[in-house]
Amino acid sequence: MDLNKIMLAGRLGKDPVQRSTKTGKPVVNFSLATSHRIKKGEQDGVPQYEDETLWHNVVVWGKFGDFCVRHLSKGAPAFIVGELRTRKYTSNKGEPRLSVEVHAENVVPLGAFRRSGDGSRKDKEVAPEIGGAEAYIASATGEPMH
1 MDLNKIMLAG
11 RLGKDPVQRS
21 TKTGKPVVNF
31 SLATSHRIKK
41 GEQDGVPQYE
51 DETLWHNVVV
61 WGKFGDFCVR
71 HLSKGAPAFI
81 VGELRTRKYT
91 SNKGEPRLSV
101 EVHAENVVPL
111 GAFRRSGDGS
121 RKDKEVAPEI
131 GGAEAYIASA
141 TGEPMH
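Numbering (the numbering used here), first residue to last: 1 to 146.
Calculated directly from the structure, the hints in this document are not laboratory data.
Keep in mind that this is a model prediction, so the values were computed, not measured.
Cβ coordinates follow ideal geometry from the N, Cα and C atoms, glycine included.
Treat the hints loosely; a few may be bogus.
Stated by the list, open to error - Have a look at the derived ranges for each label pair, beta carbon to beta carbon: (1) 35 <-> 93: 29 to 35 Å; (2) 51 <-> 24: 22 to 28 Å; (3) 93 <-> 1: 29 to 35 Å; (4) 43 <-> 9: 27 to 33 Å; (5) 47 <-> 100: 43 to 49 Å; (6) 66 <-> 36: 28 to 34 Å; (7) 1 <-> 85: 15 to 21 Å; (8) 101 <-> 42: 34 to 40 Å; (9) 43 <-> 93: 21 to 27 Å.
Unchecked claim - Dumping the calculated DMTMM-like pairs for lysine to aspartate or glutamate here, alpha-carbon to alpha-carbon at most 20 Å: (10) 74 <-> 101; (11) 40 <-> 52; (12) 5 <-> 95; (13) 14 <-> 101.
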């Protein structure tokens, strides 16, 4: 049995961008930053650490993509569950490239950010009265969580 599952918690590096494929299927892309600390040695007996940031290219299809555009913005914390995929493409210079992407199955906002109707970010919880993360997933899929 094979398993390709990734879970990430981080912050968006830019606002989600929505577009359509050649066949008209809606897709949303954004970058997500995750960080971890690396020990870089010691100074006067005190451990010295440095944060290392990894950037992940996230791809979200369909209703989850619409959900991300409505509820996420640059700097917003989010939890992503999905699978890793690779995509081959040709650069503008004609060079072959390989992109590693996280194709999200679930996207859950973790913080108190919400995009307003004019696209600006508001520091306010997104619908806290409807029950937290499970409600976010339910609203994106149209199906209740069990």
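Task: Contradicted hints - numbers only - done: 2, 3, 5, 9 and 12
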